[in-house]
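Colleague: Chain by chain, the residues:
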Amino acid sequence: MAKIPAWLRWSLYAAVGVLVLTTVQGFDDTDSLTAAGSSQSMLRWAVPILLAGLGGLFAERAGVVNIGLEGMMILGTWFGAWGAVVYGPWWGIVLAVLAGGMGGLLHAIATVTFGVDHIISGVAINILAPGITRFLSSEILTTLEGGSITQSPRVPGVGTFTVPIFGGGNIGTWQSPDFFGWIAAREWFLVSDIASLAKGLMTRISWVSLIALLLVPFVAWLLWRTRFGLRLRICGERPQAGEAQGINVYRYKYIGVVISGALSGLAGAFIVSPELSGIYLEGQTTGRGFIGLAALIFGNWRPLGVLGGALLFGYPFGIGLRDLDGSASHSLILVNAIGLGAVAIWAATRRKRGDAALALALGLVAAGWYLLSDTLPDVWINILPFVIVLIVLIFFAQRLRMPAADGLRYRRGEH
Amino acid sequence: MNFSLGRRILLTLAAPVVALVFSVAMSSIVLLISGSNPVAAFGDMMSHASRLETMVDILNRATPLYIAGVAVAIGFRMNLFNIGVDGQYLLAALVAAHLGAMVNLPGVLRIVWILVVAMAVGAAYSGFAGVLKVTRGINEVISTIMLNAIAISGIVAYLVREWQAGGEILSGSASRVGTTPIPESGLIPDLNSVLEFFTREVGQGKELTGMLVIAILVGLGYHILVNRTRFGFDLRASGINPFAAQVGGVPAKRMVVSAMVLSGAVAGLVGMAEINQVGFFPANPIRGLGFTGIAVALLGRNHPAGIILAALIFAFLDISSGVLQFTGAASREIVVIMQGVIILAAVVAYEVARRARERQEARSAAEALGDIKPLEAA
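Note that the protein sequences, when read in sequence, are chains A and B.
Note that this note's numbering has the first sequence beginning at 1, numbered continuously upward.
Note that this note's numbering has the second sequence beginning at 416, numbered continuously upward.
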C-alpha cells in the first residue's frame with residue numbers, strides 16, 4: 001500500500017468517525033452527536049485537557065513525570081479567577097500562568113535538585129496546592145463582593161471570535177456569509193454532519209482556545225525541529241548522553257517542568273473563564289490534570305496525539321452536558337461497541353487471538369447494553385474518557401513508547 | 416560501631432523533625448504576612464488539643480488515616496504506587512454498608528461480614544490494577560488514577576443513588592441520606608468505656624471509634640507480615656532490587672498482584688471508621704483519605720510505628736485547627752498548607768539524609784579497608 005501522508009490519513013480517520021456518528025445517531029433519532037453545539041462544547045472541554053497534556057509533554061520529554069499537573073491547574077484556577085476579577089481578564093491569564101509556573105518550579109526543585117521521586121513530589125504538590133488556594137480564598141476571596149471561601153465573584157472572559165466566511169463571522173462591520181452553516185442546513189448525508197461539526201469549531205471560540213490550538217503545531221516545531229527541542233528531549237531519553245555533549249541537563253529539566261506548570265496554569269485560567277464556568281469554585285478541576293496525563297499517554301507523548309486524545313476525551317464531556325434525556329450517551333455506547341469491534345478485527349489480523357476475543361467480548365457487552373436499554377445512567381458519560389483510556393492501554397500499551405529515561409532519577413556525574 | 420549507629424538514628428530522626436520545624440516556620444511566615452499572630456494561633460491549637468474530647472476526635476481522625484497509610488505503605492515496600500486507595504475505600508465502604516444492612520446476621524457475625532466484604536471489594540479493585548500491570552504492562556499509577564475516577568464519579572455515584580434509603584435525621588434540621596442503616600448490633604461498639612476506665616467521662620457525646628482496635632491489628636499484622644514472614648522478605652527484596660529478587664527465585668508477577676491485593680484489602684477498611692460512626696454509607700462521604708494516606712505513609716517512612724506518628728500529626732492539625740474559627744487567631748486553612756509543606760519538606764529531607772548516610776557508609780567502608788595492609792608483592 002502506498003504511503004499516505006499523515007494529515008490525509010488522520011482526515012480519513014476523522015471522516016470515518018463522523019460517518020459512524022451520523023449512522024448511529026440515525027438509529028436513536030437524535031442529531032446531538034453531530035450538532036454544531038456538540039463540537040463547540042467538545043472544544044471547550046478539550047482545551048484544558050489539551051493544555052494540561054501539552055504541559056505533561058514538556059515535563060516528560062525532559063524526563064520528569066508530572067503527576068502534579070492537577071495541583072498546578074488548581075493554582076491556575078484560583079489565580080486566574082482572582083487576577084481576572086481584580087485586574088481584568090488578560091491579567092488573570094498572566095497570573096494563572098505564573099502561578100502554575102511556580103508550582104512547576106517547586107516540582108523541579110524537589111525532583112531535579114533534590115532527586116525526590118517524581119510521583120511522590122507530584123502527590124505532595126497535589127496536596128499542597130488546594131491548601132494554598134483554600135487559605136488564599138479564606139483570606140482574599142471572602143473580602144471581595146460576591147466571593148466566599150469556596151467561590152469567587154463572576155469571572156470576566158477575554159472574548160470570543162467567529163471565523164469569517166466559513167463560520168459567519170464579521171469582517172469589520174460586514175457580516176460574512178456562513179458557509180458551513182449553509183451546508184449543515186441542507187441535510188446532505190455525512191457532508192452536512194461534517195459541516196455542522198466544523199461550524200461548531202469556528203463559531204464563538206475563545207482567544208485562549210485559539211492559542212491552545214496554535215500551540216500544538218508550535219510545540220511540535222519547537223520540540224522536534226529546533227536545537228532547544230533536541231536538547232530537551234535528550235534529557236528525557238538519555239541524560240548521560242546529553243551530559244557528554246556538554247548540555248546542562250538540570251537546566252533543561254527545570255525549563256521543561258516550569259513550562260509544564262505554566263501550561264497547566266493556563267488550563268486553570270480557561271476553566272474559570274466564562275467559556276466553561278465563569279467562576280472559581282473549589283474542587284472544580286475534577287481531575288482534568290489527570291485526564292491531561294491520560295491524553296498524553298493516549299497520544300504516545302506527541303503533540304498531535306495529545307490533541308487527538310484531548311478532543312476524544314472532551315467529546316463525551318461536551319455531549320454529556322447537553323444530553324438531558326440520555327439519548328446521546330445511549331448512542332455513544334453503540335459507537336463504543338463499533339470501536340471495540342474495529343479493535344477486535346485489528347487484533348485478529350495480527351493473529352493476537354486473546355486480544356481479539358477480549359475486544360469482541362467487550363464489544364458484545366457494549367452492544368448488548370445498547371440493545372437492552374433506552375437511556376444510560378448519567379454518570380456513564382462522566383467516566384467514559386477514563387474507560388476509553390483503560391481500554392486503549394489494555395490493547396495498545398505495548399505499542400506506546402514513552403521517553404526512555406522518563407521518571408528516572410538523574411544525578412549529574414552518576415550512572 | 417556504636418558511634419556510627421548513634422549518628423544513623425540521629426539522621427533518621429533529624430529528617431522528620433527538620434520537616435516539621437520548617438513547616439511551622441513557613442506557616443508562621445504566611446500567618447505574619449496575612450496579619451495573624453502565629454504564637455497565638457499555635458497556642459490556641461495546643462490548648463484545644465489537650466482537652467479529652469479533642470483527643471477523642473484526633474484519634475477518630477487518625478484511625479482511617481493510619482489504615483490508609485498502611486495500605487499505601489504495603490505497595491511502597493516493593494515500589495508500587497497505589498494511588499487508587501481513594502476509589503478502593505469508597506467503593507468498598509459502599510458495598511460493605513449495603514450488603515451489611517441487607518444480609519441478616521446476628522451481632523458479631525454481621526460485624527465480621529461487613530469487614531470481610533469491605534476487604535474483598537478493596538482487594539479485588541486494587542488487584543485488577545495489579546493484573547493489568549503484569550499481563551498488559553500498564554503502569555499502576557496510571558491505571559489506579561483511571562480506576563479512581565471510574566469508582567468515585569461512576570460506580571459509587573450511581574450505586575449510592577440506587578441503594579439510597581431514608582437515612583437518619585441528625586440533630587437540627589440537617590438530615591443525611593445514604594444507604595439503609597445497619598442495625599446497632601452490627602456496628603463495632605465504641606471504646607468510651609475503656610477510655611473512661613483510665614480517665615474521666617467523655618462529654619459532648621463524643622465516641623472513640625472501635626475501629627481503633629482494628630487499626631492497631633492492621634498495624635501489627637503489617638509489621639509481622641513485612642518483617643517476620645517469607646512473603647515480607649520477598650516483598651522487601653523485590654522493592655530493593657527486583658532483578659536480584661527474581662534471580663533469587665521470587666516470582667515477580669505474583670508478588671505484584673499479591674502486593675496490590677493486600678494493599679487493596681487494607682484500603683477497604685479505611686471507610687469502615689465512617690460507616691461505624693454514621694451507621695450507613697452517607698451520600699457525601701469523607702473523600703481524599705487515600706491521598707492523605709500517601710502523605711502519611713511517606714512521612715512515616717512506611718514504618719508501622721512511624722505511620723502512627725504521621726497519622727497523629729495530620730489528625731492533630733485537622734482537628735485542633737477547628738478552634739481557630741472560634742478564637743479568630745488565624746484562618747484555620749493554614750493547617751492545609753502546613754500539611755502540604757510538611758510532606759514536601761519531609762521527602763526532600765529524607766532524600767538528603769539518605770545521601771548523607773550513603774556518603775558516611777562509603778567513608779567508613781574506606782576507613783575499614785584502610786586498616787588492612789595491602790599484600791606486598793613477592
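Think of the hints as simulated: they come from the structure by calculation, not from any bench.
Be aware that one or more of the hints could be misleading.
Computed beta-carbon distance windows for the label pairs [to be verified]: (1) K352(A) - N656(B): 13 to 23 Å; (2) L425(B) - R412(A): 25 to 35 Å; (3) R351(A) - E776(B): 47 to 57 Å; (4) D378(A) - A771(B): 53 to 63 Å; (5) I424(B) - R154(A): 26 to 36 Å; (6) L425(B) - D378(A): 53 to 63 Å; (7) V20(A) - Q579(B): 53 to 63 Å; (8) L19(A) - L524(B): 50 to 60 Å; (9) T142(A) - N699(B): 15 to 25 Å.
C-beta: ideal position from N, C-alpha, C; glycine also.
Colleague: Determine whether the Cβ-Cβ distance between R351(A) and E776(B) falls within the hinted range of 47 to 57 Å.
Modeller: With Cβ atoms ~52 Å apart, the hint holds.
Colleague: Does the beta carbon distance between L19(A) and L524(B) stay inside 50 to 60 Å, or does it fall outside?
Modeller: At 58 Å between Cβs, range holds.
Colleague: Can you tell me whether the CB distance of L425(B) to R412(A) sits inside 25 to 35 Å?
Modeller: Between L425(B) and R412(A), where Cβ atoms are some 28 Å apart, the hint holds.
Colleague: If I claimed the Cβ atoms of D378(A) and A771(B) lie 53 to 63 Å apart, would that claim hold in this structure?
Modeller: holds, 54 Å
Colleague: Confirm or reject the claim that K352(A) and N656(B) have a C-beta distance inside 13 to 23 Å.
Modeller: Violated, at about 33 Å.
Colleague: At the C-beta level, are V20(A) and Q579(B) separated by a distance inside 53 to 63 Å?
Modeller: violated, 37 Å
Colleague: Is the distance from the Cβ of T142(A) to the Cβ of N699(B) consistent with 15 to 25 Å?
Modeller: holds, 23 Å
Colleague: The hint says 53 to 63 Å between L425(B) and D378(A); measuring C-beta to C-beta, is that right?
Modeller: holds, 57 Å
Colleague: Should the hint that I424(B) and R154(A) are 26 to 36 Å apart at their CB atoms be regarded as holding?
Modeller: Given about 57 Å between the Cβ atoms, the range is violated.
Going through the hint list in order, the structure does not satisfy hints 1, 5 and 7.
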